[in-house]
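2 protein chains.
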Amino acid sequence: MQIITREEIVPLVSIPMAISVVKDAFMAFSEGLIDQPEPMQMLFKEDDGQLFGDCHVKAAQQKDHPYFVIKVAAGFYRNTAIGLPANNGLLLVMSSETGHPVALLKDEGWLTQIRTAAAGALAAALKPVAPDACLGIIGTGSQAYWQAALITQHLGLTKVAVFGRDHSASVALCDTLHQEFGLTATPMSSAYEVCQASNILVTVTPSSEPLIKPEDLPDEIHIVAVGADSPGKNEIASEIFKNADIMVTDNHEQCLAHGDFGVAVRAGMVAKDADISLPDVLAGKHSEMDFSTAKWTLVDLTGMGAQDLAIASLVVDNLTL
Amino acid sequence: MQIITREEIVPLVSIPMAISVVKDAFMAFSEGLIDQPEPMQMLFKEDDGQLFGDCHVKAAQQKDHPYFVIKVAAGFYRNTAIGLPANNGLLLVMSSETGHPVALLKDEGWLTQIRTAAAGALAAALKPVAPDACLGIIGTGSQAYWQAALITQHLGLTKVAVFGRDHSASVALCDTLHQEFGLTATPMSSAYEVCQASNILVTVTPSSEPLIKPEDLPDEIHIVAVGADSPGKNEIASEIFKNADIMVTDNHEQCLAHGDFGVAVRAGMVAKDADISLPDVLAGKHSEMDFSTAKWTLVDLTGMGAQDLAIASLVVDNLTL
Numbered sequence: 001m002q003i004i005t006r007e008e009i010v011p012l013v014s015i016p017m018a019i020s021v022v023k024d025a026f027m028a029f030s031e032g033l034i035d036q037p038e039p040m041q042m043l044f045k046e047d048d049g050q051l052f053g054d055c056h057v058k059a060a061q062q063k064d065h066p067y068f069v070i071k072v073a074a075g076f077y078r079n080t081a082i083g084l085p086a087n088n089g090l091l092l093v094m095s096s097e098t099g100h101p102v103a104l105l106k107d108e109g110w111l112t113q114i115r116t117a118a119a120g121a122l123a124a125a126l127k128p129v130a131p132d133a134c135l136g137i138i139g140t141g142s143q144a145y146w147q148a149a150l151i152t153q154h155l156g157l158t159k160v161a162v163f164g165r166d167h168s169a170s171v172a173l174c175d176t177l178h179q180e181f182g183l184t185a186t187p188m189s190s191a192y193e194v195c196q197a198s199n200i201l202v203t204v205t206p207s208s209e210p211l212i213k214p215e216d217l218p219d220e221i222h223i224v225a226v227g228a229d230s231p232g233k234n235e236i237a238s239e240i241f242k243n244a245d246i247m248v249t250d251n252h253e254q255c256l257a258h259g260d261f262g263v264a265v266r267a268g269m270v271a272k273d274a275d276i277s278l279p280d281v282l283a284g285k286h287s288e289m290d291f292s293t294a295k296w297t298l299v300d301l302t303g304m305g306a307q308d309l310a311i312a313s314l315v316v317d318n319l320t321l
Numbered sequence: 001m002q003i004i005t006r007e008e009i010v011p012l013v014s015i016p017m018a019i020s021v022v023k024d025a026f027m028a029f030s031e032g033l034i035d036q037p038e039p040m041q042m043l044f045k046e047d048d049g050q051l052f053g054d055c056h057v058k059a060a061q062q063k064d065h066p067y068f069v070i071k072v073a074a075g076f077y078r079n080t081a082i083g084l085p086a087n088n089g090l091l092l093v094m095s096s097e098t099g100h101p102v103a104l105l106k107d108e109g110w111l112t113q114i115r116t117a118a119a120g121a122l123a124a125a126l127k128p129v130a131p132d133a134c135l136g137i138i139g140t141g142s143q144a145y146w147q148a149a150l151i152t153q154h155l156g157l158t159k160v161a162v163f164g165r166d167h168s169a170s171v172a173l174c175d176t177l178h179q180e181f182g183l184t185a186t187p188m189s190s191a192y193e194v195c196q197a198s199n200i201l202v203t204v205t206p207s208s209e210p211l212i213k214p215e216d217l218p219d220e221i222h223i224v225a226v227g228a229d230s231p232g233k234n235e236i237a238s239e240i241f242k243n244a245d246i247m248v249t250d251n252h253e254q255c256l257a258h259g260d261f262g263v264a265v266r267a268g269m270v271a272k273d274a275d276i277s278l279p280d281v282l283a284g285k286h287s288e289m290d291f292s293t294a295k296w297t298l299v300d301l302t303g304m305g306a307q308d309l310a311i312a313s314l315v316v317d318n319l320t321l
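Here the protein sequences line up with chains A and B, keeping their order. Residues 1 to 321 (the working numbering) are what the first sequence spells out, left to right. Residues 1 to 321 (the working numbering) are what the second sequence spells out, left to right.
Simulated from the structure, these hints should not be mistaken for laboratory data. One thing to keep in mind: the hints can contain errors.
Same chains, same names: a pair is fine if it fits in one copy or spans any two.
Claimed, not checked - Below 20 Å or equal to it, Euclidean Cα-Cα: the simulated EDC-like pairs (lysine to aspartate or glutamate) are:
no.: 1; residue 1: LYS63; residue 2: GLU46
no.: 2; residue 1: LYS63; residue 2: ASP48
no.: 3; residue 1: LYS45; residue 2: GLU31
no.: 4; residue 1: LYS23; residue 2: ASP245
no.: 5; residue 1: LYS242; residue 2: GLU253
no.: 6; residue 1: LYS23; residue 2: ASP280
no.: 7; residue 1: LYS45; residue 2: GLU253
no.: 8; residue 1: LYS45; residue 2: ASP64
no.: 9; residue 1: LYS45; residue 2: ASP35
no.: 10; residue 1: LYS63; residue 2: GLU97
no.: 11; residue 1: LYS242; residue 2: GLU38
Chain A on its own, in the form it takes in the complex:
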């Protein structure tokens, strides 16, 4: 088993390749070629019940694929106070022939960031927009950075609007996006302002209360909801689901249990079967759905083992093992 560090992994992964292999994985999933067991979740709580950490394990195998993967992602929120990154993780790549470990990708969560943003880019691309369209971003963390990077690059956009609770973080993110990618990035003072300025909106916060409400939205907007990935998290008000023309989920069961879609279903705002599958959409199975004429459209992403398999395979295929 080879141990690969983050420093070795980063140069092996390009943004277009990441988006391409994640798209292939979604399409393979749509064809029934991928088996991914129910993810594991462990929560870490203070004595008073307050959550200070969580760890998720995802896994996937694909028919006739040389590898299968087990991915561990941990988020421990007190770490930043002691100078450690909050997010960490690693990916174990195993041989589908022998079950023996092939490689341990000590990516410290970097590959999860990339494969998550790759799904965001694919979800964002469902809505045809003009090159001068604006991408709105709610959140200022590292995933906000990666969503901005991958979506603008994939769609050829240059305009970004950002809102986060901490205005200085919004300013800093906009500076970074301008310097690194030449984007025209504008920090804004409310979610409302971002929504009104945007054609596509991506939400990437750990919020437990809806941040985006119906009254924030313009007549037409395409929303990619990334932040809510476990029970108790919620970014998108359930009324928005009620009035959306098209609702897409990366994984129906998972979004029902962990995503904003599930919150809306439990609130009685939308039927349990009102969503269509992102893998199916990407595989061309929903040509009846016209995103270009729809007003409010929504994609709820919770993250799939299939994405981890795709991105890990991209790394391993570029190694000489």
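With chain A held as given, fit chain B onto it using these hints.
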């Protein structure tokens, strides 16, 4: 993160310590101190649907414990034909404070063998037997070896009877047990012979058909069923459950889904709630159950993340990290 090899791990684990920490883990589980998510399972099949490999992931955390673990165990049955071990695995030890990886125990499945046999020893010890009692073993693989080693050592037994499909493997196992542990080990020619000779019986095969039938059993016997740990496996005929005085499961839900107990329940031979919990028994919560006067008693083991946490912590506590 420190990488620890099997060669480094083995000298750190003694049999009495392994049994002791696994017992503590069961008792902690009984007290509600351990959280273990539903295990993950991936199956690997030929094009004709025949299973050639499986991979299980188990995890556990314990309140106020410095580590949590994620354990990967793979069994790929074609490996032996190409000179590789069928079983493999590794244990990832993470910090409960920061979520960062602490150690990767590249034990190649060795710790799983030991913690499984430790549970077997604890289960076997529920039945008081005389020092000249005989331990019957159905199966001749590595787990049969470890069950024999840990049960005889823990109970102070010296007599073992072995049956396996391949008689030469039974002979070889008996030779090994005699040479390594000084046991009086006798290969036998049928499961019936072993059962009739034994006071305690442990079954450690991957059988999908019941190997032990009511007519094989003497009036009084204590059975520890280890082999059946996933749907489709079955070692103990369901009629035995129907007529057992005491039925114990290491984990009710898991045995219902994966163990011999579940097969018996689905066959309508026994009520779904007829079992008592091994962790509770070990924690002294079932003093009303008298194993000494009971005739047929059964313990169904499917393996718990709590055991992995216990054995991995034993290793890590003995390291200088």
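A quick look at each hint next to the structure:
| no. | hint | verdict |
| --- | --- | --- |
| 1 | LYS63 / GLU46 | between (42 Å within a copy, 10 Å between copies) |
| 2 | LYS63 / ASP48 | between (45 Å within a copy, 13 Å between copies) |
| 3 | LYS45 / GLU31 | between (39 Å within a copy, 17 Å between copies) |
| 4 | LYS23 / ASP245 | neither (24 Å within a copy, 56 Å between copies) |
| 5 | LYS242 / GLU253 | within (19 Å within a copy, 37 Å between copies) |
| 6 | LYS23 / ASP280 | within (11 Å within a copy, 49 Å between copies) |
| 7 | LYS45 / GLU253 | neither (26 Å within a copy, 25 Å between copies) |
| 8 | LYS45 / ASP64 | between (41 Å within a copy, 10 Å between copies) |
| 9 | LYS45 / ASP35 | between (31 Å within a copy, 12 Å between copies) |
| 10 | LYS63 / GLU97 | within (11 Å within a copy, 38 Å between copies) |
| 11 | LYS242 / GLU38 | neither (28 Å within a copy, 33 Å between copies) |
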